[in-house]
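Whole structure, please, built from the sequences with the hints as guidance.
There are 2 protein chains.
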Amino acid sequence: MGRLVMKFGGTSVANVERIQNVARHVKREVDAGHDVAVVVSAMSGKTNELVGWAKETSALHDAREYDAVVASGEQVTSGLLAIALQGLGIQARSWQGWQIPIHTSDAHASARILGIDGSEIVSRFKTRKEVAVIAGFQGIHKDSGRITTLGRGGSDTSAVAIAAALHADRCDIYTDVDGVYTTDPRVVPKAKRLDKVAFEEMLEMASQGAKVLQVRSVELGLVHNMPIFVRSSFDKPEDIDPHGTPPGTLICSEEEIVESQVVTGIAFSKDEAQISVRHIEDKPGIAAAIFGPLADASINVDMIVQNVSEDGKYTDLTFTVPATDFVRAKDTIAKAKDKIGYAKVDAATDVAKVSVIGIGMRSHAGVAARAFKALSERNINIRAITTSEIKFSLLIDAAYTELAVRTLHTLYGLDQT
Amino acid sequence: MGRLVMKFGGTSVANVERIQNVARHVKREVDAGHDVAVVVSAMSGKTNELVGWAKETSALHDAREYDAVVASGEQVTSGLLAIALQGLGIQARSWQGWQIPIHTSDAHASARILGIDGSEIVSRFKTRKEVAVIAGFQGIHKDSGRITTLGRGGSDTSAVAIAAALHADRCDIYTDVDGVYTTDPRVVPKAKRLDKVAFEEMLEMASQGAKVLQVRSVELGLVHNMPIFVRSSFDKPEDIDPHGTPPGTLICSEEEIVESQVVTGIAFSKDEAQISVRHIEDKPGIAAAIFGPLADASINVDMIVQNVSEDGKYTDLTFTVPATDFVRAKDTIAKAKDKIGYAKVDAATDVAKVSVIGIGMRSHAGVAARAFKALSERNINIRAITTSEIKFSLLIDAAYTELAVRTLHTLYGLDQT
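Here the protein sequences line up with chains C and V, keeping their order.
Taking this note's numbering, the leading residue of the first sequence gets 1, the next gets one more, and so forth.
Taking this note's numbering, the leading residue of the second sequence gets 418, the next gets one more, and so forth.
Simulated from the structure, these hints should not be mistaken for laboratory data.
Only a predicted model underlies this, so the values are computations on that prediction, with no experimental measurement involved.
Built from N, CA and C at the ideal position, the CB exists for glycine as well.
Honestly, I wouldn't trust all of these hints.
Said to hold, decoys possible - DEER-style ranges, computed between Cβ atoms:
no., chain 1, residue 1, chain 2, residue 2, range
1, V, Leu531, C, Gly52, 49 to 57 Å
2, C, His167, V, Asp448, 35 to 43 Å
3, V, Gly469, C, Pro185, 55 to 63 Å
4, V, Ser561, C, Gly52, 54 to 62 Å
5, C, Gly52, V, Thr428, 56 to 64 Å
6, V, Val640, C, Gly45, 40 to 48 Å
7, C, Pro322, V, Ser561, 46 to 54 Å
8, C, Ala399, V, Ala476, 33 to 41 Å
Pasting the structure below:
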């Protein structure tokens, strides 16, 4: 007997038939004796439809009203799943964010969860074995009494936050993939599913473009030490042994990973642009002169590389931005030329970032060096390098992305055998 | 300067373009200096879609969860209309039933409004000139904190109840007809729009099949003496002079109707079935023996005719039921034969009820007699007659419905000139 939060995304609740399938997944866990809270997204396509209406109504739509409109999608699926569960003979009740309540900040359309009162739900676990079906993605701002939403992908975050509030043993995220892979299987067919990934590794993988889970939900998992199990919603509920070990990936604390690999996965992103500011004075305040204006323009800078200057006087500084912000970033730097005082700017959009991630790097030397050698043997030029404790990222020409990922995947022994 | 509640139904908010049209109607009244609360239905078709999903999910769906699902339709339109109003530069805020709150009974899917706290909305009228956009059809049950709905057509009822709670001067119901007519214009092309109708007359017209307004909303108007103005939502907002008298029908108290007609309108219904129980003992308790079992079977009996028996011993009793309940009603009477003790039952489904309505009947004698004469001249046989203070109803063969309605319409001087 344990306590479980199960989260199902939009494709898993896309129509009544799939909602009934979800109900059978839930029934399996209830029958196994677990207390269960389910978190659901809106039917796939619904949120886009609602967002479209809000935008069509007025280009300058009020975020508070946008949230009232958009949150209705999850209200529908939570009610329908409660009905489906009752149809299987299971006690169930739907909960909107304001009913629990899930208190959030007032940053409408991208609110942050501040607190969840799980007491009523837990009490109903005990007195009635009642399943709580919770509308994901939404909450309420305490002072205004207005509905808030967490922003896209927020249901993952809802699920992990609710799991923490209910002191659940685990948060199961049912998704359209059956786990987290060493890299994108479309690029590397030999990519294999990971049984376990540390929160920190998953954070690097997720923010590097492995789009299985919302980054914020992994952060929450790390903070609350709430194990997150990523598994497939397409498995037939009847085929799964609730007492066995289903296929999937457990995202958990480092301590629970007994045999950690040096490298866990390879992430990559092609939506990068590189800007190199040449011949700037190597003096305090120069970085602020460059990145201050970019921050003011809300441009998200990712890699930053500045080498130690040879003469102690002048140096180059390279950074990357999302490709969509490339033109704005170049303009921003051009406007600040007098303040920064550079010779020229080199820029490129046909670049990609490849990241190698693994907690084992902490205790293993020379991990990155092996990559440099292997890539040079393939004639892949490395434009820039950044490193952190558990990751290093390489900026390369975009054309070589797939070759580089496959080469590194094999190099670090990640290929499926 | 006054205070106005404006209600728009599903066809008026069917898409973003129409919602923007509604916003311009609201702007006109705001610009004229009024405090405005708007009550909206779901986009037309949405409620049916949501109801369909709930039924498809489980035949035995829980009414509490049904309400959570179905109420989402009004949430969407209230948010979108608030956005549209803001787009026109008007302060506006959406309100769900639970936010106001609108307290209702716990009879989910057909809840009754128990109380509305309009204080916050009125305060915002005063401090910010803020338009309240209220989701119709829904409320909240205080003890359970669950969303409730009022049942089909409930948005009219929401609107009048809110108008009463806000002490509005008038409740404008925008609909797809431009008012209440003396009878159905599809049957009598010469039917004319009424400028004013008394609440009591409208109650008779509505329950007799004039489907302009929900009966409950008219009852509420009567109780709170809240004038209801039925008008067209298809008029161009720009063409209406907010200080003039727009086309429509005002449903108001009898006192406000200066020149009352003897007959205000003719209503009719073809969905009737007649059951005559022959040769029953004329003794106390016999009516109870017939109508008790029908009530237990939730069959709604409409006309009841029992004549005084000639010999003081035996009589006949005729009643009508909705055509859809005909078979069940016959079965119920057949099963109770021993208890009732009748000779035989005559039944017919090809019957229609025609009702003549007018507050003036109270003070005018011989109104019905003129109808009997006119119909007999047309060879229309009257099967049964019932009368009330302001109405009489005739049961006739269904084939003669249109002829009878047209004849009576002319007879009482209702034809458009």
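Verification of the supplied hints:
no.: 1; hint: V:Leu531 to C:Gly52: 49 to 57 Å; in the structure: violated (37 Å)
no.: 2; hint: C:His167 to V:Asp448: 35 to 43 Å; in the structure: violated (55 Å)
no.: 3; hint: V:Gly469 to C:Pro185: 55 to 63 Å; in the structure: violated (38 Å)
no.: 4; hint: V:Ser561 to C:Gly52: 54 to 62 Å; in the structure: violated (34 Å)
no.: 5; hint: C:Gly52 to V:Thr428: 56 to 64 Å; in the structure: violated (21 Å)
no.: 6; hint: V:Val640 to C:Gly45: 40 to 48 Å; in the structure: holds (44 Å)
no.: 7; hint: C:Pro322 to V:Ser561: 46 to 54 Å; in the structure: holds (47 Å)
no.: 8; hint: C:Ala399 to V:Ala476: 33 to 41 Å; in the structure: violated (58 Å)
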